[in-house]
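Going line by line, the protein sequences match chains F and G.
Its first residue numbered 9, the first sequence is counted upward by one per residue in our numbering.
Its first residue numbered -10, the second sequence is counted upward by one per residue in our numbering.
Think of the hints as simulated: they come from the structure by calculation, not from any bench.
Honestly, I wouldn't trust all of these hints.
[As the list claims (entries may be wrong)] Reference listing, derived: stretches of chain F covered by chain G, where coverage requires no fewer than 3 residues with Cβ under 8 Å from a Cβ of chain G:
hint: 1; stretch: 53 to 67
hint: 2; stretch: 110 to 116
[Unchecked claim] Stretch by stretch, here's where chain F covers chain G in the computed footprint (C-beta under 8 Å, at least three residues):
hint: 3; stretch: 51 to 65
hint: 4; stretch: 86 to 92
Yeah, the Cβ is synthetic: ideal placement off N, Cα and C, and Gly gets one too.
Each chain, letter by letter, is given below.
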Amino acid sequence: QKEVEQDPGPLSVPEGAIVSLNCTYSNSAFQYFMWYRQYSRKGPELLMYTYSSGNKEDGRFTAQVDKSSKYISLFIRDSQPSDSATYLCAMSLYYGNNRLAFGKGNQVVVIP
Amino acid sequence: DGGITQSPKYLFRKEGQNVTLSCEQNLNHDAMYWYRQDPGQGLRLIYYSQIVNDFQKGDIAEGYSVSREKKESFPLTVTSAQKNPTAFYLCASSMDRYQETQYFGPGTRLLVL
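Chain F with its partners taken away, still in its complex shape (with noise of 0.2 Å):
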């Protein structure tokens, strides 16, 4: 079993519609979550980061990290077409630990 599993879709919405994305891992002692954007044929930028479970919002775009069930999501609201990209899950162990775990991304495509 891999460290994380992310569905790598594509996922097509319209407009405006809510994009929901999600990882699980199976190492428990993951502490701190990423989520980064990668436009194609480009680096992936950091879009949100959190820290242990709850939720955390940004924008249109909230983190949510379920630690119990090893779960994390990312929504966006309102859904526009430059949402279209590969989104990746990232997770880290603990203060310190700086190597991270990647899931293999999920790409969107949101219709105008």
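With the hints as your guide, set chain G onto chain F.
Showing chain G alone in chain F's frame:
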């Protein structure tokens, strides 16, 4: 502008040839990383360096080598021992080993002729 630059954007390698990918950052970050990205595979860590003159192997270091002689530079050499080098190579940096958030460069696409 602060950031990470990678060059070249595209690189072609002939059989048996070593090639070097450049990564430079002006963020004053201590830690730097090299990843390989293949379709459907996600990012896999090749090498990382937490401080100048020190580096460690990642999960797929075979066929690759690195150096870290300057804080701002972390070049990656893809040697002839790497039998399947075609991939998208990403360099990243973080402030130090205690910072989980990594910032990525634009990537180099390596193709084999």
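Index of numbered hints that the structure contradicts, given in increasing order: 3
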